[in-house]
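A.B. asks: Spelled out from the first residue to the last, the chains are:
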Amino acid sequence: MSFSLAGKSILIVEDNPVFRKAMRDMLYSLQAVTVVEADNGIAAINVMSKSSFDIVLCDYNLGVGKNGQQVLEEARHRNLIDYRCVFVLISAEQTTSAVLGVMDSKPDEYLTKPFNAQQLMSRLTRNFARKEFMASVDKALAGGDLSKAIQLCDALLLSGDKKMHLHLLKMRAELAISAGDFEKARQIYHEVLEHRELPWARLGLGVIDFQNNNIEQAIAGFQSLVADNPMLMECYDWLGKAYEALDQYSDVESVLQQALQLSPQSILRQKKLAEAADKNGNLETAEKAYKSVVKLGKHSVHRSCSDFSGLAKLYAKTNAADEALKTLEEMRKEYANHPEAELRASTVEADVYKTLGNAELSQKALLKAVDICSRLGNKAPRDLQLEVVKTCFLSDEHDKAEEILYDLIHAHIDDEQFLNDLRRMQSGIGMDNHSEILIQKTKQALIATNNKGVALYKQGKFKEALDLFEQAIQTMPDNKTIIVNMLKIMIHDLKVNEFCEEKNQRIKALINKAKQIGVDPHKLGILQMEYVKLRQSQAVKA
Amino acid sequence: MQTHPKNNDLFPTILASTVHDIKNSLGTLLELVRQTAAKQDGPSAELNQLEFEAARINHSLMQLLVMYKVDSQKFSLHIEECPVIDILDEAIHQQARLAGLHNIDLQVDCGDDEMCYCDNAIISNALAAVLNNALRYTHKTVLIAVAEEDGYLTIAIEDDGAGYPPHFLTADLNDTAELDWVSGNTGLGLYFVSVMAGLHKNAGKNGFVRIDNESRLGGARFKLFLP
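Line by line, the protein sequences are chains A and B. Counting from 1, one number per residue, gives the positions in the first sequence under full-length UniProt numbering. Counting from 1, one number per residue, gives the positions in the second sequence under full-length UniProt numbering.
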């Protein structure tokens, strides 16, 4: 066997000293030289942040503190391990993978206890062989170069490796979806399904329906898929997303309930349940879910200060003011010197003190919230800013409310969903259509800018058009229409004029920005495809 | 009025914790066997027996847990395309010490790029339990052979032992309603593998299991059919 552990640095994460020794001896018997040990999750994270490992063998159940899955999530989230590292999650029962039903982070391998040296070695050998085979694609992806990853993946597919063929097809379809090339992905999934009914291919077709805005069709697909595969947790998440897109929050709630019964450890799913139940007015369910979120968040990289404020707001709604204030206090302890947390805490406090009849403390909290809000500007989450606005209106601080609203509307003028949230908030406090004039005016200004920019572009004045949009984006940051227009012009510029790396980098940055601010994936996909094809044809020429 | 509040929510958690605990004990036990063997320059017959029993407990426990999940509808197969040799290797490695210790000649007849669609973790574990039995009852040789038959992929495990007792041979392994034959380790192992085989479906066909004493080695023959 050509594969050896001799040159690999290995980390063992295991709380039981007998097993630690057993694993260490096993690794030494397999010619390992560098073996580091950690007996809990935090220690593991600490070692990983200091040195890099080729192999991490991590037990799922680590006693108190983080579990193995949480170690993996944090390691990936903080880039403590890269695409070359083989992460093995060790557990007592075989069905752990399904029970965890992780939303985003899967280990490279699950290993069931007890196992012997031969088993470990063959799993590691297989994983390293696969990683080596996929290295070029993984590297391109890690560097954020989608078009290169697609090119390399196509090249590997041509190599005709039988064992890797299906794995590559799956990867290729996922890459196509990321690039918005839904036709290519659909074609791959159909090709796979012709040979065999495989859930991931069926799921992929549903995802494409969802992205193409055929929500009803996507839902039908997801539903029949979970009926046949009750442990396909990913499918519940997609089903939830699809219902959310249709504003069917009671369906969102029941799907998530179902998923959580099978896999109660997922903090992200609990969060979604809490929000959905809250929206539906099922305060009891929401409270239970928020409590789980706070509890699960203790050791999770996915924790957020909004978990606490969500719970506190819920207490405020159920007139449990004491509980609300207690939760906020706990939050301040966990998130010291954290402006967003303080903003959340102050906003809820203003509300709670008001219902308690303490005008003075309420006023004080609100002023603090407004102050932090204006300092954070666009960095504060927009739903949180809306809450501050609402509290301001309710406390007769209209000037402050309008100030924040002005910026919010400018930043999100082409996001109908947000504007509807805003309208709903205002109707809720008896201010129907309050901001309609501002919204329409801002929209018209945007249209005027766009028309002017497009006209310049059509005259071939790319630079002038870009300058105009660049200026507009100062007052309307995160404006999707402007970003999309800029991308269109720049890609066209790259096509008709000589290739220039600086422009190329700017396009990549803009694509990332577009993704971040949530430009419609289909719209963005078409542009990305155009860009990928352009780069491919330039690569051929060069 | 309900006098005994049903607390079904807790049972899975308690079951999982219990399994975890037993598995930890088993792991410790196996590790101590290994350390003791190392101290006394190689394993004795008693230590081998200990290791064999531990492997048996492990299989039974794993099967129990999977069957519980199937029963409570918390189970679905995870079907993937996988090289058959990887599945066999996993099963063989699980039993590697046993084969080595008993000086059994374990032969494998499987092409390197033979592929199949199945839940490879489930199938390799189920095969490991069958293999464990074959290794126990054979004289000298065990053969694992992969072939294609009527559109099924078949994995046969054959030995040169005394063969299956008559009550197994007359039983219909794929009729899981008639369970007279399910007793003892062999029966449980066969039951498990036939249920798991039956869950594998493709193009209107289900997987199944067949046993007889027609082994080319002269003893028992087990055959798994995957659609």
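These are computed hints drawn from the structure, not numbers from a lab. A couple of the hints might just be wrong.
Claimed, not checked - Some chain B residues near chain A, calculated using beta-carbon distances under 7 Å:
#	residue
1	His20
2	Lys23
3	Gly27
4	Gln40
5	Glu46
6	Gln49
7	Phe52
8	Gln73
9	Ile85
10	Ala96
11	Asp119
Said to hold, decoys possible - Under the rule of at most 27 Å between Cα atoms (straight-line distance), these lysine-lysine pairs were calculated in the DSS-like manner:
#	chain 1	residue 1	chain 2	residue 2
12	B	Lys74	A	Lys170
13	A	Lys170	B	Lys201
14	B	Lys74	A	Lys162
15	B	Lys74	A	Lys106
16	B	Lys201	A	Lys291
17	B	Lys205	A	Lys170
18	B	Lys205	A	Lys113
19	B	Lys205	A	Lys162
20	B	Lys74	A	Lys295
21	A	Lys163	B	Lys205
22	A	Lys241	A	Lys379
23	A	Lys170	A	Lys508
24	A	Lys162	B	Lys223
25	A	Lys21	B	Lys39
26	A	Lys163	B	Lys74
27	A	Lys113	A	Lys162
28	A	Lys379	A	Lys148
29	A	Lys390	A	Lys452
30	A	Lys379	A	Lys139
31	A	Lys163	B	Lys39
32	B	Lys205	A	Lys241
33	A	Lys113	B	Lys39
34	B	Lys74	A	Lys288
As the list claims (entries may be wrong) - Have a look at the derived ranges for each label pair, beta carbon to beta carbon:
#	chain 1	residue 1	chain 2	residue 2	range
35	B	Glu53	A	Gly160	44 to 50 Å
36	B	Asp71	A	Lys106	24 to 30 Å
37	A	Gly428	B	Leu64	50 to 56 Å
38	A	Ile473	B	Thr18	39 to 45 Å
39	A	Gln536	B	Leu64	53 to 59 Å
40	A	Lys139	B	Phe11	25 to 31 Å
For glycine and all other residues, C-beta sits at the position ideal for the given N, C-alpha and C.
A.B. asks: Please go over all the hints and tell whether each is borne out by the structure.
C.D. replies: Against the structure, the hints come out as follows:
Hint status for His20(B) relative to chain A: holds, with the closest Cβ pair at about 4 Å, below 7 Å. For the restraint placing Lys23(B) at the interface with chain A, the shortest Cβ-Cβ distance is roughly 4 Å, inside the 7 Å limit, so the hint holds. Annotation: Gly27(B) was flagged as interfacial toward chain A, and the flag holds, the nearest CB pair being 4 Å apart, inside 7 Å. This hint is violated: Gln40(B) has a C-beta 16 Å from the nearest C-beta of chain A, more than the 7 Å allowed.
Given the 7 Å rule on beta carbons, the hint for Glu46(B) is violated: about 19 Å separates it from the nearest Cβ of chain A. Taking 7 Å as the C-beta cut-off, the interface hint given for Gln49(B) is violated, the closest approach to chain A being about 17 Å. Look at Phe52(B): its Cβ only gets to about 13 Å from chain A, farther than 7 Å, so that hint breaks. A cut of 7 Å between beta carbons decides the hint on Gln73(B): the least distance to chain A is about 6 Å, and the hint holds.
Given the 7 Å rule on beta carbons, the hint for Ile85(B) is violated: about 10 Å separates it from the nearest Cβ of chain A. The restraint placing Ala96(B) at the interface with chain A holds, with a minimum CB-CB distance near 5 Å, inside the 7 Å limit. This hint is violated: Asp119(B) has a C-beta 10 Å from the nearest C-beta of chain A, more than the 7 Å allowed. Of the pairs offered as hints, the one joining Lys74(B) and Lys170(A) holds, with about 26 Å between alpha carbons and a cut-off of 27 Å not exceeded.
Distance check on the hinted pair: Lys170(A) and Lys201(B) sit about 21 Å apart at the alpha-carbon level, within 27 Å; holds. Annotation: proposed proximity of Lys74(B) to Lys162(A) is violated, straight-line Cα distance about 33 Å (limit 27 Å). Note on Lys74(B) and Lys106(A): the hinted pairing holds, with a Cα-Cα distance of about 20 Å set against a maximum of 27 Å. The straight-line distance between the Cα atoms of Lys201(B) and Lys291(A) is roughly 41 Å, outside the 27 Å bound, and the hint therefore fails.
A threshold of 27 Å between alpha carbons decides the hint, and for Lys205(B) with Lys170(A) the separation of about 25 Å falls inside it, so the pair holds. Annotation: proposed proximity of Lys205(B) to Lys113(A) is violated, straight-line Cα distance about 33 Å (limit 27 Å). Taken as a hint, the Lys205(B) and Lys162(A) pair is honoured in the structure, with Cα atoms around 25 Å apart against an allowance of 27 Å. Restraint check for Lys74(B) and Lys295(A): satisfied, since their Cα atoms lie roughly 25 Å apart, inside the 27 Å limit.
For the hint linking Lys163(A) to Lys205(B), the alpha-carbon distance of about 24 Å falls within 27 Å, and the restraint holds. Restraint check: the Cα-Cα separation between Lys241(A) and Lys379(A) comes to about 25 Å, which is no more than 27 Å; the hinted pair holds. Among the hinted pairs, Lys170(A) with Lys508(A) is consistent with the structure: their alpha-carbon atoms are about 25 Å apart, no more than 27 Å. Restraint check for Lys162(A) and Lys223(B): the C-alpha separation of about 26 Å stays at or below 27 Å, so the hint holds.
Of the pairs offered as hints, the one joining Lys21(A) and Lys39(B) holds, with about 15 Å between alpha carbons and a cut-off of 27 Å not exceeded. A hinted pair counts as satisfied when its Cα atoms are at most 27 Å apart, and Lys163(A) with Lys74(B) does not qualify at roughly 30 Å. About 31 Å separates the Cα atoms of Lys113(A) and Lys162(A), which puts this hinted pair outside 27 Å; it is violated. Taking the CA atoms of Lys379(A) and Lys148(A), the gap is about 32 Å. The hint is violated against a cut of 27 Å.
Distance hint between Lys390(A) and Lys452(A) is unfulfilled; the C-alpha atoms sit about 36 Å from each other, more than 27 Å. Proposed proximity of Lys379(A) and Lys139(A) is contradicted: the alpha carbons are some 31 Å apart, above 27 Å. A hinted pair counts as satisfied when its Cα atoms are at most 27 Å apart, and Lys163(A) with Lys39(B) does not qualify at roughly 43 Å. Between Lys205(B) and Lys241(A), the direct Cα distance comes to roughly 34 Å. Violation of the 27 Å bound is thereby established for this hinted pair.
At most 27 Å may separate the alpha-carbon atoms for a hinted pair to count; Lys113(A) and Lys39(B) meet this at roughly 24 Å. Pair hint Lys74(B) plus Lys288(A) holds up; C-alpha atoms about 23 Å apart against a cutoff of 27 Å. The hint said 44 to 50 Å for the Cβ distance between Glu53(B) and Gly160(A), and at roughly 47 Å that hint holds. For the pair Asp71(B) and Lys106(A), the beta carbons lie near 27 Å from each other, so the given range of 24 to 30 Å is met.
Between Gly428(A) and Leu64(B) the beta carbon distance is about 54 Å. The supplied range of 50 to 56 Å therefore holds. At roughly 60 Å, the beta carbons of Ile473(A) and Thr18(B) sit outside the given window of 39 to 45 Å. Distance hint for Gln536(A) and Leu64(B): a CB-CB separation of about 54 Å, consistent with the stated range 53 to 59 Å. Checked against the hint of 25 to 31 Å, the C-beta distance between Lys139(A) and Phe11(B) comes to roughly 47 Å, which is inconsistent with it.
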